[in-house]
Amino acid sequence: MTRTQYLWAGRQTPSHCATDPYMCLAPYASSAETSGISLLGIPMDFYLYGEMSSLVSIGMAMGCIYALLLLVPLMYPLRLLSLYEYLELRFQSRSLRLLALLIGMLQTLGYMAIALLSPALALQAGVGLPVWLSVGVIGLIGTLYTAIGGIKSVVWTDAFQCFVTLGGMLTIIIRGFSVVRGGNAVFKIIQESGRTSYSKISLDPRVKLTWWGTTIGFSFY
1 MTRTQYLWAG
11 RQTPSHCATD
21 PYMCLAPYAS
31 SAETSGISLL
41 GIPMDFYLYG
51 EMSSLVSIGM
61 AMGCIYALLL
71 LVPLMYPLRL
81 LSLYEYLELR
91 FQSRSLRLLA
101 LLIGMLQTLG
111 YMAIALLSPA
121 LALQAGVGLP
131 VWLSVGVIGL
141 IGTLYTAIGG
151 IKSVVWTDAF
161 QCFVTLGGML
171 TIIIRGFSVV
181 RGGNAVFKII
191 QESGRTSYSK
201 ISLDPRVKLT
211 WWGTTIGFSF
221 Y
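1 is the number of the first residue of the sequence shown in the working numbering; add one for each residue after it.
Calculated directly from the structure, the hints in this document are not laboratory data.
Here are the simulated EDC-like pairs of lysine to aspartate or glutamate, each with C-alpha atoms no more than 20 Å apart in a straight line:
hint : residue 1 : residue 2
1    : K208      : E51
2    : K208      : D45
3    : K188      : D45
4    : K188      : E51
Quick list of the computed label-pair ranges, beta carbon to beta carbon:
hint : residue 1 : residue 2 : range
5    : L170      : I65       : 18 to 28 Å
6    : L89       : I216      : 26 to 36 Å
7    : I174      : V127      : 19 to 29 Å
8    : S95       : L170      : 41 to 51 Å
9    : I174      : S82       : 37 to 47 Å
10   : I172      : S95       : 43 to 53 Å
11   : P77       : I189      : 48 to 58 Å
12   : I216      : V127      : 35 to 45 Å
Backbone N, C-alpha and C fix where the C-beta goes; we use that ideal spot for every residue, glycine too.
Use the sequences and the hints to build the structure in full.
Given below as structure tokens:
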């Protein structure tokens, strides 16, 4: 297996995706940006601080459009393996590439630590599994299938995760609506609790979530 095959699956979609590769890879792309942080953190943020967090989706949609129209046409023809390689070519500086790589590794390590802790806490609350054991098992399984199968195994696992995640969320939504007897009752409870305010247009950087931070800020995320 070559480096390109391991990291980029030979830059080819599977044979059964030839007719519509975008729809085939959509579950993977969706799961790549969804983790236990999103599934546990966003509902809790919504409960504590209201609906302002839902505006994050607008900013991320703007960022995706920007990447689709400008970044992908620029980067894909270069046939690079990473953005760090582009930085070295663009600025003729290997030091810049290594610095960006170091920052990216530190950010990824911090993110993965929280991403592993989130499902571990859920398993501890649900089935009483110790946090250290959950983190170890999840981390070991993820490392093994990624090391053995490369990006192909990641794509297939993320696609499966996407359907499991959607199924779980739909189950919770349906169950919640049935408990309170309808969607109207749900939205009434949300409105009465004061969680429907979208009025934070402040430029104060100390404010947790504002229109500018959730839309413009997250468009660069």
